[in-house]
Each structure stands twice: as structure tokens, then as C-alpha cells.
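> Residues per chain are reported as follows:
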Amino acid sequence: VQLLESGGGLVQPGGSLRLSCAASGFTFSSYVLGWVRQAPGKGLDWVSCVGTTGSRTYYTDSVKGRFTISRDNSKNTLYLQMNSLRPEDTAIYYCAKGRGNNGGFDYWGQGTLVTVSS
Amino acid sequence: DIQMTQSPSSVSASVGDSVTITCRASQGITNWLAWYQQKPGKAPKLLIYAASSLESGVPSRFSGSGSGTDFTLAITSLQPEDFATYYCQQTDSFPLTFGGGTKVEIK
Chain A
1 VQLLESGGGL
11 VQPGGSLRLS
21 CAASGFTFSS
31 YVLGWVRQAP
41 GKGLDWVSCV
51 GTTGSRTYYT
61 DSVKGRFTIS
71 RDNSKNTLYL
81 QMNSLRPEDT
91 AIYYCAKGRG
101 NNGGFDYWGQ
111 GTLVTVSS
Chain B
1001 DIQMTQSPSS
1011 VSASVGDSVT
1021 ITCRASQGIT
1031 NWLAWYQQKP
1041 GKAPKLLIYA
1051 ASSLESGVPS
1061 RFSGSGSGTD
1071 FTLAITSLQP
1081 EDFATYYCQQ
1091 TDSFPLTFGG
1101 GTKVEIK
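In the order they appear, the protein sequences are chains A and B. For the first sequence, position 118 matches number 118 in this note's numbering, and the numbering has no gaps at all. For the second sequence, position 30 matches number 1030 in this note's numbering, and the numbering has no gaps at all.
Hints listed in this document are in silico derivations from the structure and should not be mistaken for laboratory results. Just so you know, not all the hints are guaranteed correct.
Claimed, not checked - Some chain A residues near chain B, calculated using beta-carbon distances under 7 angstroms:
1. F28
2. Y31
3. G43
4. L44
5. T60
6. G103
7. G104
Ideal Cβ positions, reconstructed from N, Cα and C, are used throughout, including at glycine.
Okay, chain B solo, but in the shape it has when bound (with noise of 0.2 angstroms):
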């Protein structure tokens, strides 16, 4: 199975920071990396498919990159919207698996 490894597992941050959150496969996935938003009692929101695509109607604050092992989410401007919990997960083969998950607090 193809384990993936986020981090920092939480990061403080103010409005307007920036962020960057990294997400490491344990072999290669090409680019079969998805990267998903969840906020307190919502079930998870697509943000990027195909490690760097964005989902419609996204923010362009929002950006992904990386293949092979390493990927990046990198949140530009940060929004007070923008303050929840973030997860990577690879599409490669199954069984999918999912980061432990990456806390955006507000410093």
C-alpha cells in the first residue's frame, strides 16, 4: 500500500499569510494526487486533481505542484474561509490512500 505523509500537521497563520503544506508518497505516483479542504462538522471539498489542476470555482489562491513522490498545496492570501483542515490523497491505485491531515489555525 502507498502511504502518505503530510506536513506540518498544523500550522498558525494570520490573513493575508501564505502557507504551504507538503504531502511525500512512499513510491511514485506520477501525478495522481488530490488535495481536499474540510472545515468542522462539512464533509471534505475537493480543491486540485491531478496534483496541480484546480477543481471549478476554487480560488486561484490556491495552487498545487510536484509529481513523482512530493507535492506541494500552497495557499496564497490566506482568507478567514481558508482556516480549516487540509488532506492529501493518492489516486494512483487502490487501495487510495489518505494524508493524516494538515490543521490552518489562526495565529
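Same shape as in the complex, but just chain A (with noise of 0.2 angstroms):
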């Protein structure tokens, strides 16, 4: 199993970024996946999830509105469409494939940085 996330970068506050995760390994189209971002220095914060068509989708508080998750069966990619994007989004995003029946999250990227700064 292989993620691998792209995307990140610099952006000033307000602005937009779409984050990719390119996935390997499994049955992309059978496994729920979702994304987790870090503040430097902070502890883990779960962002959104995906279910696998596509047609449900979760989002935590302070990304409603602003984030949009979705994912490709046919090219087995997972976005992350941000915008209005605010100082406090600063994180490190990884993607992460969901073990199945509430088991969490089994395999993560590596995680891409997102720097949102004048």
C-alpha cells in the first residue's frame, strides 16, 4: 500500500489550494479514506472523510464551507480542495486509507505542507 500526497505549498490567507493522493497497493474504490493535518508542533486533527463512491462525505467544523473532499475510483486519487484558506489551516496534510469497520486509519502518506502567509 502506497500514498502519496502532492500539492502543498505556500498561499496567502484567503487563497486556494487542491491536494492530491495518489494511491497503490489496494482496492482503492472499497476502503473509506480521509485526510488528518498536524500544526507545526501540535497534536493530530482529523479534517474529512470520504466514503467510497464518493457520495458521502464528512467534514470537522472549521473546514465546512471551505474544504471539499473527493476521490477518483478511476484513477484511484483522492483531492482535498481548499479554499478560503486561513493562517490557522498552516499543517502538514496527510491522506489515509480507512481500515474498515470503524478500525481507524490503517496506512497514512507521508503528508504534504500547507503554509497559508503574506
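With the hints as a guide, dock the two chains, each given alone in a separate frame, to form the complex.
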């Protein structure tokens, strides 16, 4: 199993970024996927999850209306569209694969750094 | 939202010691709890799921217990590679939430 994030970088407050997570080594369409972030020196913060077909999505309150999670099962890729970015969104963003049956996240990417600053 | 409270926030121990970390949920989550280990600069690693099930490849010196609101991660015979930060996560309902973390440091 491999998860490889891309798309991070430096963006000004109010700007947008789209993160991607390319997956391999498992049946992509069979698992819930998610994004978890970690601000510098801080703990883990769950951001969003998407169901197997992409029709069900879940978000933490602080990103609702600004972030959109999606997946393309034909491309084995997970996305996170981030709009109206704020300095407090600065973090390493990890994509993660659901273990199934409420079993947490069993595989994680290496993370991509998003810095929101003027 | 379900709040997860971990304690202690840090603990100092020596190689060979045993360590216990607790995690309390603000409401009952049955056994829907996961534990992760994170080392500096690395992604988290799943250790325990469903409160007490050991993830494949994880050494048996790690164990989890509890149900309802109170959970425990125990590490027996600490090894040098176990010094890290540990997080609990409730997987009962969205929004999923993590505890604040427990740093296990070398005494």
C-alpha cells in the first residue's frame, strides 16, 4: 500500500490549494479515505472523510463550507480542495486509508505541507 | 462532538519499564477506539483498533483495553524504538476526534 500526497505549498490568506493523494497497492474503491492534519508542533486533527463511492462526505466544523473532499475511483486518487484558506490551516496534511469496520486509519501518506501566510 | 482526553500529556520512563496511557471519551463510544504511535517527522502508525485488537505487525508488548468511555494503552518492557508520541482516536462517529497526545520520553 502506498499513499502519495502532492499539491502543498505556500499560499496567501484567502487563497486556494488542491491536494491530491495517489494510491496504490489496494482496491481503492473499497475503502473510506480521509485527510488528517497536524499544525507545527501540535497534535493530530481529523479534517475530512469520504465514503467509497464519493457520495458521502464528512468534515470537521472548522473547514465546512471551505474544503471539499472528493475521490476519483478510476484514477485511484483522493483530493482535498481547500478554499478561503486561513493562517490556522497551516499544517502537514496526511491522506489516510480507512481500515474498515470503524478500525481507524491503517495506512498513511508521508504528508504534504500547507503554509498559509502573507 | 465527542471529546477525547488523554493523560498524562507526557511520561518519562526507562528501557524495560511499563507505561500506561489513558484516554477518556466525553460520551460512550462502545469499543470504537484506535491508538497510534507517531515519531518525529513521520506519519502516525496504527497500533490498536477496536480498543483491544492489535494491528498486524505490531509487537505484543502493546495492548489496549476498555469500553464505553475509559480506555487504556499499555506498553510493557519499553524498547528504545517505543519512545514516541501516542494518540487515541474515537472511530464511533463523525467528526472523528483525536486525543491531545502523550509523549513517552526517555528518563
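> So, for every hint listed, does it hold in this structure?
Now for the hints, and whether the structure bears them out:
1. Contact between A/F28 and chain B, as hinted, is not supported at the beta carbon level, the nearest pair being about 19 angstroms apart and thus beyond 7 angstroms.
2. At about 14 angstroms, the closest approach between the beta carbon of A/Y31 and any beta carbon in chain B exceeds 7 angstroms, and the interface hint on this residue is violated.
3. Interface hint status for A/G43: upheld, as the beta-carbon distance to the closest one in chain B is roughly 5 angstroms, under 7 angstroms.
4. For A/L44, the interface hint holds, since its Cβ comes within 7 angstroms of a Cβ in chain B; the closest pair sits about 4 angstroms apart.
5. A distance limit of 7 angstroms between C-beta atoms decides the matter here; for A/T60 the minimum to chain B is near 5 angstroms, and the interface restraint holds.
6. At a threshold of 7 angstroms, the smallest CB-CB gap from A/G103 to chain B is about 4 angstroms, leaving the interface hint in force.
7. Hint status for A/G104: holds, given a least beta-carbon distance of 3 angstroms to chain B, under 7 angstroms.
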